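Chemist: What follows is the residue order along each chain.
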Amino acid sequence: AGAQFQLTVPVAVVFAPGSVPGDLPRPLPFRDAQEMEISANLRTSITSRYEMVYRSTTAQEEAALRAATPREADAALHPLQDASLGALTVYVVPETSSLLPQGISVYVGKHRNALVRAGGSLAAFRTRLQQLTQVMSFTASSITTALSDRVPDGRLGPDARRHLKSSLGYEITFSLLNPDPKSHAVDWDIEDAVNRYVQPVLDKLSLVANFSVDSQILYYAVLGVTPRFDKESSSFLLSAHSLPHVINPVEARLGSSAASLYPVLNFLLYVPERSHSPLYIQDKDGAPVSTNAFHSPRWGGIMVYNVEAPPSPQAALPLHVDVDMVRVMEVFLAQLRLLFGLSREELPPEFMVESPGNEGLADWELDRLLWAHTVENIATVSTTLTSLAQLLDKIGNIVIKDDVASEVYQAVASVQSAMAELATGHLHSAFQASKEAVTSSERAFFDPSLLHLLYFPDDQKFAIYIPLFLPMAVPILLSLAKIVREARQHKKEPTKMD
Amino acid sequence: VCTSRFWFNYRHVANTLSVYRSVKRLGIPDSHIVLMLADDMACNPRNPKPATVFSHKNMELNVYGDDVEVDYRSYEVTVENFLRVLTGRIPPSTPRSKRLLSDDRSNILIYMTGHGGNGFLKFQDSEEITNVELADAFEQMWQKRRYNELLFIIDTCQGASMYERFYSPNIMALASSQVGEDSLSHQPDLGIGVHLMDRYTFYVLEFLEEIHPASQTNMNDLFQVCPKSLCVSTPGHRTDLFQRDPQSVLITDFFGSVRKVEITTETISLDRDLAGFESK
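These protein sequences, in sequence, are chains P and B.
Our numbering runs 1 ahead of the 1-based position in the first sequence.
Position 263 of the second sequence, counted from 1, bears residue number 244 in our numbering, the numbering being contiguous throughout.
The shape of chain P in the complex, shown without the other chains:
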């Protein structure tokens, strides 16, 4: 089915004194809107609309912008707006300002603010502004990736189907694999690490989905691949092309919650055996990987944790190992970000992006996820409802129960509300509406009562009904014929008999 999306992003562009370009079309403050068309396929078109409000700074904002570093400015500016989900504020500082370091012309903060250095022509400024707003909300490729179901295969980028699909919940499992308990007695304080480092990130992501976390320790679980011994570095190496075969033998032992149907993300920490230590992962060029970790899209990640050799060969075994959870969580949380599709790689060099710290992701990165997931949800709902309608057209004798019908109506209403909210720039309510729409449409489509087993081919119909009715039909038809003949004769006789 064709769909027209309009995604509206409210952007406020605030000029600090001394930064207003001379060639502005109108005096401040004024409003403007930029529209751009992103077409996914013949029938789905997406219009992105940036509603810009241009104004000058207030006194408080000016005071905040006099901070020494961009980070302090960001922290000071944050409480000054009521930045709702999806809205962005861009502060323009004068070209000569020392707030931004040399060579950096754009600073993206942890929340929904950015600092841009003025300078150059209005057109160059506008381009930089457009680039910035796209980074902080969505790009053409992030939206078409979200719609990967509807886009013909040839036009999809490499990111398609790589990131986690939008789901109502995710189950995260941390597993410690100890193949050699005789040599290493490994202790990891996972509960504390989860509470300290993982929970803040999940709290930030709680808008997106429900998360449940569990952990386990597996003993005698080996990797499916034997690492090579490298004489030069006197360590064991796992080459990049053997990594895909590592996961499967382990997965069989991982287990998952029998009750939950949410996608599972597995994060494995592998402590190599004494005889295979130290173990390093090699990338394609043969260099050891600094994180000693790899991940598989839509599955999870594995990190290898090397234990130092004991100081003397006669040290008592098993060695007690206290895992440094911070190092481990830094990698696992980075992998979690990558699995969700939040990566830092594509930014131009003049951009400086603030690290989100312990929260794991910046507010605008959350917005990016929400834009993509909302669009994905709406597309999924429309595909589901269309195919449900096609199914019911095709098989006329399926009975639709009342609750299925009400779920369908609710799904339609929620989708319409989601699209309306997207068009007016209310990202939060649009996302909530799209989540409700997905829940309702999935419930309707996957209702167990919609199974059809009533296929009767025509020849079977003949084969069943003819032997039943033909023998009965013969005497009936014959006697009907006889009655008709007699009636006709009876009609003729009166005319003959006079």
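In short, the hints are calculated from the structure, not lab data.
Hints are not guaranteed to be accurate.
As the list claims (entries may be wrong) - If we take Cβ atoms under 8 Å as the criterion, some of the chain B residues that face chain P in the derived model are:
(1) Ile71
(2) Arg86
(3) Ile244
What the hints assert, rightly or not - Reference listing, derived: stretches of chain B covered by chain P, where coverage requires no fewer than 3 residues with Cβ under 8 Å from a Cβ of chain P:
(4) 4 to 13
(5) 61 to 70
(6) 116 to 126
(7) 202 to 213
As the structure is a prediction and not an experimental result, all values here were calculated from the model.
Ideal Cβ placement from N, Cα and C applies to all residues, glycine included.
Given chain P's structure and the hints, the job is docking chain B onto it.
Modeler: Relative to chain P, chain B alone:
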């Protein structure tokens, strides 16, 4: 899926278990396999070697070993349950192991064996699934993007009729015999008293024994398995719905599981000591 009941259909259970074993050997875990066996041969009172199912006369390999996980057994193997698994219209109380939790990046392998005819496959000697129902079920799966690519293998009499009606994209199908032909069994065992395997599956398994997880063998080789001289029936295949060229499709794309992996190069930086942290 094994759809036949009764002791003399021992070979269908042995077929299914052997394919199950090969698929596990090549890396697919139990959580990703739905195994449906319509009857219990290992503990059947007529089994002279209880708790075993053999696929070869030499009785070297007990395909019903210690780690067989049967998801649908005995009377649970019905057309309705099979279609429910495929389309996902399962009652909410069904556990995870009995569901097909696939998404648009999953490659699905469906192997069915039993007694069949022109356009149908017999379940439990009491009901049938027709090729139209199967084609419709696949279309439902495609609509909901429950598969990326699907390989359908069927070892029954007149097996090719079952894939005639498919119309959804990205499906490749193989059958052990054409319409009008019967698929024959391989070898009887006088000790157990029944035929142990079907010919087509036997030769497919011989072929699979040579595949290992990193193997580069492609589908065209699978099509050549079991020529008429060995199989007596003519195996058929259908690739017109499949988008890629069978030459470029690896056997391990369906029978094994090779994941896409990326090296993690980014880390985030965490504050080791959080001021004002409260334990929950």
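Chemist: Hint by hint, say whether it matches the structure.
Modeler: Structure-based check of all given hints:
Hint status for Ile71 of chain B relative to chain P: holds, with the closest Cβ pair at about 6 Å, below 8 Å. For the restraint placing Arg86 of chain B at the interface with chain P, the shortest Cβ-Cβ distance is roughly 5 Å, inside the 8 Å limit, so the hint holds. A cut of 8 Å between beta carbons decides the hint on Ile244 of chain B: the least distance to chain P is about 5 Å, and the hint holds. Counting residues of the segment 4 to 13 of chain B whose CB lies closer than 8 Å to any CB of chain P gives 5, which reaches the minimum of 3, so the coverage claim holds.
Interface restraint, the segment 61 to 70 of chain B with chain P: holds (6 residues with C-beta to C-beta distance below 8 Å; minimum three). Look at the segment 116 to 126 of chain B against chain P: 5 of its residues bring a Cβ nearer than 8 Å to a Cβ of that chain, three or more, so the hint holds. With 0 residues carrying a beta carbon less than 8 Å from a beta carbon of chain P, the segment 202 to 213 of chain B misses the three-residue requirement, and the given coverage is violated.
Taken one by one, the earlier hints fail for this structure only at number 7.
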